Amino acid sequence: MDADTFANSIKTALTDTIRDLASDRGSKNHAERPDHFDGHRTNYGAFRRNLLLYVQAIRTDNEKIVTALSFLTKGDADAWAQLYVQQYTDDLESSASKLKWTDFLAELDKRFLDPRITELAREKLFRMTQGRAVDAETFLATFEDLRIKGGLVNAEHHDTILVDYLKKAMWPELVLVITTTYDSSKTSALATIDTLKMLKTLNEADYDKAKIEIEKPISYAKFKEYALEHATNVQRFASRVQNTPTVVAPRQTFERRVAPQVVYQPPPGPPPQQVQQTATPPRPSGLRQREPDVIPMDVDRTRARNEGRCFKCDQKGHIARDCKARELRHVVRALSNEAWEELAEMRRADATANATTSDEGFAPPQ
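Going by the UniProt record's numbering, the first residue of the sequence shown is number 1, and it counts up by one from there.
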């Protein structure tokens, strides 16, 4: 063997050794070992995530599967691992195994992944609310985890839904700041492209594209960015407002004015004389008792009829229907004016005659 051949052999061996060392250094596992899985579906999500990180440093699918089986040692997970090993014993021991890591992971998911995990995650996402004691960073981290579990990962289709969820769940003051900031940025951007278009720096096609892009509603990523940017200031302002004492104006009260009651007091003077009451002497039994001043008409008519007297003239021998006084009343009512004047003239003549007769026998005193 000549010197050149020997040198080339040494060079090739060193190159292979360096390549192997570099490969081993790159394959060093920096992830933490996952905990052993017990078969409960509630713990499968965390176990699966840690397992995927841990097997990233393993090169072949067969080694990844063997490593994953070594962590399935408790409960239902142990029973499933034993069944899998019995079914694929030859492939696991062969260096030319045709087992695929993706197929193994799919079978593991089919057995232990909760089929309602997507539905439950979306339900929790919809019911989430940010309390006053929860900062925006913690809330958004929980929201992001539920978003991924719920399968809301397509920005084109899911951004509008996610932004609506955040607007409903986060502090109203923070949501107002986010929307105001985004609207201000849109206004500034539109003014900028209008200026560029006026200066002929931006052509019509580029202007239309830029305007459409600017006028789009806020995205989920941009909403989160603004939330983390302004959350601290909003929280500080809210706490300062809550700690500020509320000044309440004193309530004015008015006294109700009541007019004083005037009590009548008799004027001073001698006491009134006491009148001594005397007994009323009894009436003689022979006298007729005095009738009351007011007698009901029905009683008076009945009494007059029983006694055979006229109710009109109080005379016996006839009743009120045949009373002459009633006929005289009708005669008086039927008199004419001339008759009344004649009667008046006769009355005056009688009065004059009576006065003359009285004066003839009168002599003044001497």
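The reader is advised that the hints may include incorrect statements.
[Unchecked claim] Listed next, with one range per pair, are the computed distances between beta-carbon atoms: (1) Q86 <-> L53: 26 to 36 Å; (2) A191 <-> A106: 47 to 57 Å; (3) Q56 <-> L176: 19 to 29 Å; (4) K98 <-> A169: 46 to 56 Å; (5) L53 <-> S94: 20 to 30 Å; (6) Q235 <-> E144: 33 to 43 Å; (7) R41 <-> A169: 20 to 30 Å; (8) A191 <-> P115: 50 to 60 Å; (9) K186 <-> P115: 38 to 48 Å; (10) L53 <-> E137: 19 to 29 Å; (11) D90 <-> P217: 55 to 65 Å; (12) E137 <-> A191: 40 to 50 Å; (13) S94 <-> E213: 49 to 59 Å.
Keep in mind the hints are simulated off the structure, nothing from the lab.
Just so we're clear, the structure is a prediction, and the values are computed from it rather than from any experiment.
Beta carbons: idealized from backbone N, C-alpha and C, even for Gly.
How does the Cβ-Cβ distance of E137 and A191 compare with 40 to 50 Å: does it lie in that range?
About 33 Å separates the Cβ atoms of E137 and A191, which means 40 to 50 Å is violated.
Does the Cβ-Cβ separation between L53 and E137 fall within 19 to 29 Å?
The hint (19 to 29 Å, Cβ to Cβ) holds, given that L53 and E137 are roughly 23 Å apart.
Does the Cβ pair R41, A169 satisfy 20 to 30 Å?
Because 27 Å falls inside the window, the suggested range holds.
Is 26 to 36 Å a correct range for the gap between the Cβ atoms of Q86 and L53?
Given about 28 Å between the Cβ atoms, the range holds.
Kindly confirm whether 19 to 29 Å is satisfied by the beta carbon distance between Q56 and L176.
violated, 43 Å
If I claimed the Cβ atoms of K186 and P115 lie 38 to 48 Å apart, would that claim hold in this structure?
At roughly 42 Å between Cβ atoms, P115 and K186 fall inside 38 to 48 Å, so the hint holds.
Distance restraint evaluation - Q235, E144, Cβ atoms, bounds 33 to 43 Å
violated, 20 Å
Using the Cβ atoms, figure out if D90 sits within 55 to 65 Å of P217.
holds, 57 Å
Is 50 to 60 Å right for how far apart the beta carbons of A191 and P115 are?
About 52 Å separates the Cβ atoms of A191 and P115, which means 50 to 60 Å holds.
Range hint 47 to 57 Å (beta carbons of A191 and A106) holds or violated:
holds, 53 Å
If you check the beta carbons of L53 and S94, does the distance land in 20 to 30 Å?
Given range 20 to 30 Å: holds, Cβ gap about 27 Å.
So the hint says 49 to 59 Å: do the beta-carbon atoms of S94 and E213 match that?
holds, 55 Å
The structure is inconsistent with the numbered hints 3, 6, 12, although it conforms to all the rest.
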